[in-house]
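Trainee: Sequence:
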Amino acid sequence: MNQERFDQTPHNIYDDGSSIDIIKLFKSIISKLWIILLVGVVGAAAGYIISESTYIRQYSASTTLAFMQTQYVRVTDYSETGEADTYVQEHTTFYTQDVVNRYQRLLTSDSMVSKIKTALDAQGLSTVYSEGFIRNSLSITGVDGLAGFFVISVSSTDSGYCERALKIVMDEFESYINGFDNTISISVINEPTSPGVSNDSGSIANAMYGFIIGAALVVLIIFFTVIVSDTVQNMDNLKAITGAKVLGAIPVIEKPNGLFMKKKVPSGSLLITDEQKVSFSFVESFKAIRTKLENVYTDKGHKCFVVTSTYEDEGKTTTSVNIAVALAQKGKSVLLMDCDFRKPAVLRAVGVKSDTRYGLIPIIKGTSTYVDSIKFIKSLGIFVLPTGGVSLKSTEVLDAEKVRNVIDQARKEFDYIIIDSPPTHVVTDSLVIAPLADGIIYCVRNDYAKASEITRTVDEIRGAGIEIIGTILTMSTGEENNRYYKKKGYYRRRGGRYGRYGYGKKKGSYGAYGDYGGYGGYGGYGGYGYSSGYGYGSSYGGYDNSYGGYSGYGGSGGYGSYGKGNDSQDNQKRS
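No gaps in the numbering here: position 547 of the sequence shown is 547 in the numbering used here, and each next residue is one more.
Check the hints yourself; a few may be wrong.
[Said to hold, decoys possible] Taking lysine-lysine pairs in the BS3-like style, the calculated list, with each CA pair at most 30 Å apart, reads:
1. K277 to K330
2. K287 to K378
3. K402 to K378
4. K343 to K287
5. K450 to K24
6. K378 to K343
7. K393 to K300
8. K393 to K353
9. K245 to K343
10. K402 to K353
11. K378 to K292
12. K450 to K393
[Said to hold, decoys possible] Label-pair distances were calculated between CB atoms; the ranges are:
13. D274 to I49: 45 to 53 Å
14. Q276 to D459: 38 to 46 Å
15. I49 to M170: 36 to 44 Å
Rather than coming from a laboratory, the hints here were simulated on the basis of the structure. Note that CB positions come from ideal geometry on N, CA and C, so glycine has one too.
Go ahead and model the full structure; you've got the sequences and the hints to work with.
Mentor: See the structure below:
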């Protein structure tokens, strides 16, 4: 069938025309929730500490007084006989709120303040209070709804002063007022209170404000980051930006660690064969990609793919290795080539120590052969052709005729060829090697490279006349990875995330050399049931002569050599 299996028409994922992706913003806030809470707590602690360290207790003592005015009125009462009876009647009224300002002025007048200061000085106190200090400490206020009732207060940071000053006011103020109006009388309604703290430190309120301000600041930063960021967040976004088929999304493997459960990058490679380290959805994602690549082969006959990305650290090598392993699990013969001469990572990813005697560079130099340089990784079921060293002149190396001959020979002997290449936006190596393949598989890490940089890289690829077979969203946190598995009860979560540039951070043992089989005889069919294929080891025993001999596996840590003869059962091994 030549039916097109993918919709290639880009579409806008923001159908409502909104310039802000609310879902992206919400997910960003949720993913950074621990930072928001942490900064909020720090802000709350800062607010509390500042409030407590700057807090000064203010004391206040007060009394409630009733101010009354007494007037005597002469009253004449005429009887029925016309005789007049004259007498004096006492008339008492309460002062209204309108006189509060007058009393405040009298209470803080120079004369009254001087009386209070003189009385305090006479007590022989060690502290000398200035008139300005005394004046600022005195106040008089009305009682709401009650005419003639007033509260006289003395406030200060010195509780003893409050008590003494209020007592002096009680003794002196009535006689002082009567000097202006002798009709005024004062009655004590509430006795003077003991000095008490009249102000609050505000520590709790300031701690809450600090938390809100700190958390809001982080949310604001996230908001502006989302607005200005222009990265790929999901498969729809990836399709809209690249205009290419999306082969799948590889979920990030997260491992909470530490007090705040921060996600930590695990050491070592992430392989679909390691079920204790990777999740079920991680494995199934590569199986889905494998199916789509098989469809590409069925439709177009494409079998040789270059895997690249925009920048490094996008999981390109991890993707290359796992695609090769997934195809091998289907019974396909797969050759994984490492063409990243600047930072080769394939051998490290599959757990094999590098050997500069064998690989593409030694083949080009003529110090090794195509047959000797290919390794079979028994644990993964794939064949690997490493770089055989590091070269800064990788563009010139890849442009050599011998590289073309290697790929042409591999096409005849393998079902699929997966080529791991450098990031296209960084160096042009992938554009040099891609014309020798059938197309490019383009890896894009979730929320990493800017859309403009991805678009520019895609334009460079297409401008070179290279077909993009499809794109893969790596390290995806979107629900498209896990929605199905969660609903069906398959989903489980383990491990960490992708290692740097396709492999883990730690440098340590790489494991034993992969035992790889000998080269099958050219007579009849070689191993895997294909002509000129690669045979299995001698542990499988000899088979019918029509299939050609099977050369033995290399010993532990050794390499099995390629069988040279037809129908030979035992081939020489190289240690």
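Trainee: All the hints need checking, so say for each whether the structure fits it.
Mentor: The hints, checked one at a time:
1. K277 to K330: Answer holds: K277 to K330 is near 22 Å, not above 30 Å.
2. K287 to K378: Roughly 20 Å between the alpha carbons, so the hint for K287 and K378 holds.
3. K402 to K378: Answer holds: K402 to K378 is near 27 Å, not above 30 Å.
4. K343 to K287: holds, 27 Å
5. K450 to K24: holds, 15 Å
6. K378 to K343: holds, 24 Å
7. K393 to K300: It is violated: about 34 Å lies between the C-alpha atoms, which goes past 30 Å.
8. K393 to K353: holds, 23 Å
9. K245 to K343: Given that 30 Å is the threshold and the Cα spacing comes to 28 Å, the pair holds.
10. K402 to K353: holds, 25 Å
11. K378 to K292: holds, 25 Å
12. K450 to K393: holds, 28 Å
13. D274 to I49: 45 to 53 Å: holds, 49 Å
14. Q276 to D459: 38 to 46 Å: At 42 Å between Cβs, range holds.
15. I49 to M170: 36 to 44 Å: With Cβ atoms ~41 Å apart, the hint holds.
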